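Engineer: All chains should be modelled from the sequences, with the hints used to inform the complete structure.
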Amino acid sequence: MKRAISIFGFFAAALICSQPARADYAVLRSGSRLHITGYELSGQTLRLYIGGGTVDVNAVDVLRIEPEDVFLSAGTPAPAVPFGKLIRESAAKNGVDDALVSSVISAESNFNPRAVSRRNAQGLMQLVPGTAARYSVSNAFDPGQNIEAGTRYLRDLLAKYNGDMQQALAAYNAGPGRVQQYGGIPPYAETQAYVKRVTKKYTQTKQAQQAATTAPCYPELIACP
Numbered sequence: 001m002k003r004a005i006s007i008f009g010f011f012a013a014a015l016i017c018s019q020p021a022r023a024d025y026a027v028l029r030s031g032s033r034l035h036i037t038g039y040e041l042s043g044q045t046l047r048l049y050i051g052g053g054t055v056d057v058n059a060v061d062v063l064r065i066e067p068e069d070v071f072l073s074a075g076t077p078a079p080a081v082p083f084g085k086l087i088r089e090s091a092a093k094n095g096v097d098d099a100l101v102s103s104v105i106s107a108e109s110n111f112n113p114r115a116v117s118r119r120n121a122q123g124l125m126q127l128v129p130g131t132a133a134r135y136s137v138s139n140a141f142d143p144g145q146n147i148e149a150g151t152r153y154l155r156d157l158l159a160k161y162n163g164d165m166q167q168a169l170a171a172y173n174a175g176p177g178r179v180q181q182y183g184g185i186p187p188y189a190e191t192q193a194y195v196k197r198v199t200k201k202y203t204q205t206k207q208a209q210q211a212a213t214t215a216p217c218y219p220e221l222i223a224c225p
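Per our numbering, the sequence shown starts with residue 1, numbered consecutively.
These are computed hints drawn from the structure, not numbers from a lab.
You may find that some hints are simply not true.
Below, in silico cross-link-like pairs of lysine-lysine (DSSO-like), each with a Cα-Cα straight-line distance of 30 Å or less [said to hold, decoys possible]: (1) LYS206 with LYS160; (2) LYS200 with LYS93; (3) LYS160 with LYS196; (4) LYS201 with LYS93; (5) LYS85 with LYS201; (6) LYS93 with LYS196; (7) LYS160 with LYS201; (8) LYS85 with LYS206.
Note that this is a predicted model, so its numbers are computed, not measured.
Structural biologist: Below is the structure:
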């Protein structure tokens, strides 16, 4: 009798929750396993949906429902990032997090490939002429060249500061010399605001990426990670 109660409890919990599209197996007390696409509990009768028809069985004769596959709806899609393909390719090539690259571009140019600062920093990642020359950029307004050079520069700064993202960002904004001079983030309002802005954007981007790739969890159907 206790077993029957636990089985009814399982089905009641499963029916209360919204169920994703799935392919399951109903495991019967007889040892049979029925491939089902859904089920419905009514009193002591469990209706199993099989192919184009149904089978009614005593609920106490069903030991459990085993999910074969759970076809979970995708999470909330991450917002599309302009130049996303170029960013991902360059980030992967240079071992830099693509979320960091896109966050820097957002802060530097707001994804405007024709942006020019008062210091003559150019393009998506706002390369100054010296940095562009160092990384063999012939056209700083070309998105591919600009992203590749800016990503390589980020990679080199991260390596220089042993993976310290905030120091690398400070150096990207104010120059490595200033970071060395002050032993960390320089006490410039612009640089400190820049580091905070990029770090915040990076955190938001990572959260959006995680939400887009993390499937919902249905513990009544399958163990959650």
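Engineer: Now tell me, hint by hint, if it's right for this structure.
Structural biologist: Cross-check of the supplied hints:
Among the hinted pairs, LYS206 with LYS160 is consistent with the structure: their alpha-carbon atoms are about 23 Å apart, no more than 30 Å. At most 30 Å may separate the alpha-carbon atoms for a hinted pair to count; LYS200 and LYS93 meet this at roughly 24 Å. This hinted pair checks out: LYS160 and LYS196 have alpha carbons roughly 20 Å apart, not beyond 30 Å. Using a Cα cut-off of 30 Å, the hinted pair LYS201 and LYS93 holds, with the two alpha carbons roughly 22 Å apart.
Restraint check for LYS85 and LYS201: satisfied, since their Cα atoms lie roughly 19 Å apart, inside the 30 Å limit. Between LYS93 and LYS196, the direct Cα distance comes to roughly 26 Å. Compliance with the 30 Å bound is thereby established for this hinted pair. As the CA atoms of LYS160 and LYS201 are separated by approximately 23 Å, the hinted pair is consistent with the 30 Å bound. Taking the CA atoms of LYS85 and LYS206, the gap is near 17 Å; set against the 30 Å cutoff, the hint holds.
Checked against the numbered hints above, the structure breaks none of them.
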